[in-house]
Amino acid sequence: MNHSPPNFSHIYVEERALSFPETTMVIKKFGSAVIVPIRHYKDVFNRPRQDRRAQKTSPNLILALRQNNFLYPGSCLSDASGNNNFYYNSLVLNCLYDCDYCYLQGLYPSANMVLFINNNDYFTAVLKTLQTNSPLFLCISYETDLLALERIFPYCRKWIEFTSAHPDLTIELRTKSADYEAIANLKPPPNVLLAWTLSPAEIIARYEHRTPALPARLKAVRRALAAGWQVRLSFDPLLLVPQWEVLYRDFIHDVFKNVAPSRIKDVTLGVFRMNSRFLKKIHSQRLEPDILYYPFDLSKRVASYNETHKRALMKHIYTLVQEYLPRQKIHQIE
Amino acid sequence: MLCICVALHCEAQPLIEHFKLVKDTLSRGQALFRGANITLIESGPGKIKAAAAVTRLLSTLQSPADAMAINFGTCGSAQDHPRGEVFIINKISDASSENCFYPDILFKHSLPEAHLATFEKPVSKQDSLSPTIQLVDMEASGFFEAASIFLAPSRIACLKIVSDNLEGKSISNQEITRLVRENLPAISKAIQIFAEANADPGPAKRADIKDISRRLASHFRLTRAQEEILYKAMQHFAIRTNSDLGWTERFLENTVQSKPEAKKAFTALIAALNKTAT
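Line by line, the protein sequences give chains D and Y.
Numbered by our numbering, the letters in the first sequence go through residues 102 to 435 in order.
Numbered by our numbering, the letters in the second sequence go through residues 3 to 280 in order.
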């Protein structure tokens, strides 16, 4: 499996970030990239009328310093898994992968990736929040895939090391990456949760562009479990595709044939859902894929399948997973 | 449609010949030259004229968002680049407003890239320029800002050829034409690559769906809003099922006498389009 990062043709760097050693470190990895100094990342990222689909064919990198909003309270559409002080952060805007169902297409005006390199300021913000909100559950790979980016900027390594020193902080690192090797030499702390998003191979091939294949992800899961990491499996989003019953049945059996269920911390299940504003924006940008053109039901500004389909899909997968895991280890995201 | 905006005729002449463009003699004001899917406009010097020229071209197009616009012309080098060197501009700063503009360079090319600053009047080495400025001109910022009203930043490009090193000497028109002509292979290749990279237009309304939805809308005397809902439902159905919409024509067989009947037929049609199989 090739884990080398894509070849960014341009790297836009905030002028105030130019002197940071982290900037030098990233730039060094892309020797042929053109460096363009900019005043603020929004000058490039928030330009009007950007063509996201065209940009996705040749995404560029933006290196910036985050000045505020180091932590956000968790969204109602995400998976809190019973954690009260549930927060997420945005270390990176956008993702190396190109999943057709991804809400980032509607959230951000650009497909370019913003990397906030002042990671230490995020740590300071977490420490401050811990003083009033403890214990804290933090998703650090929420609007991106940090493990996929580890060869460009070692966010995962830095956060795992930071978290291991703060037992009242638990972080979830959600990923589709198979690059377990990038963190393989770290000691697994009990308060770091590696969460792999898995989908049937047919769905990966058709809708999760540039992501590792299912066997590669399962291999990464097995390696993490063998090393003693806490591992969560996320079957999310569940998609209503032709032959979905057979597809998901074979997939769930395949997953648990490869991964010992008793070693898994838990599983989260979520049916496809998206902020209706984001979906509308995606529809204005692209006339495919088929999965985004289902006649969705709108409820509280969230687009999802109608209740009948939603329930059928969830019930089917839940029943399949229940063959391997007890109920208390299966979390359904409403 | 590729729109090329050039300040002076002496800069444009080699491009007009290369792309076999013909002068639009009916056009008044800034001179227009047309060819197969290319229009070149001679804006005259200065960013206001460049903005007016590109706006004039793009605003007359039926779907301007699918067009491309390129500003070509000479520039001065603040860093002693050799005369005749051709650059693709990755950052344009406006010296007066201090605004910066960033074209999206998503196409692969072999030319050097540079930061260009647009000034309102000619500058020379005696003027203290920021050390980050590599090239200077008098049009790019106006061109880019105006083109951005219509186009994605990946559909706008600036291509500049160095004519001087800000010595403050004037250059003859013949000399500029010679310089452009000598470097025409690099210039025309960059224009071609840019045009090919943006050849694919954005999502467009499908003519076949538009035709059926219009006929149904007329048959049922639907409002504009209802017609738009119908078009979207038909488009979503076609994308979701990858099938044609010929079957919806049977709804044309239903005659309606009143508004409630039309509404009923419209509702039935939308329900049929939104029907899904598990």
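By construction, these hints were calculated from the structure, which means they are not laboratory data.
Ideal Cβ placement from N, Cα and C applies to all residues, glycine included.
A couple of the hints might just be wrong.
[As the list claims (entries may be wrong)] Covered by chain Y, according to a simulated footprint, are these stretches of chain D (three or more residues, beta-carbon under 8 Å):
| # | segment |
| --- | --- |
| 1 | 107-113 |
| 2 | 134-141 |
| 3 | 164-174 |
| 4 | 286-299 |
[Said to hold, decoys possible] Pairs of lysine-lysine, DSS-like flavour, derived with a Cα cap of 30 Å:
| # | chain 1 | residue 1 | chain 2 | residue 2 |
| --- | --- | --- | --- | --- |
| 5 | D | Lys259 | D | Lys157 |
| 6 | D | Lys157 | Y | Lys191 |
| 7 | D | Lys157 | Y | Lys110 |
| 8 | Y | Lys191 | D | Lys382 |
| 9 | D | Lys430 | D | Lys259 |
| 10 | D | Lys411 | Y | Lys191 |
| 11 | D | Lys259 | D | Lys129 |
| 12 | D | Lys157 | Y | Lys234 |
| 13 | Y | Lys191 | D | Lys401 |
| 14 | Y | Lys265 | D | Lys401 |
| 15 | D | Lys381 | Y | Lys212 |
| 16 | Y | Lys277 | D | Lys381 |
[Said to hold, decoys possible] Partial chain D-side listing against chain Y, Cβ under 10 Å, derived:
| # | residue |
| --- | --- |
| 17 | Asp144 |
| 18 | His384 |
| 19 | Leu388 |
| 20 | Gln429 |
**Request:** Please name the hints from earlier in the document that this structure breaks, with their numbers sorted from lowest to highest.
**Result:** Hints 3, 4, 8, 10, 13, 20 contradicted; others consistent.
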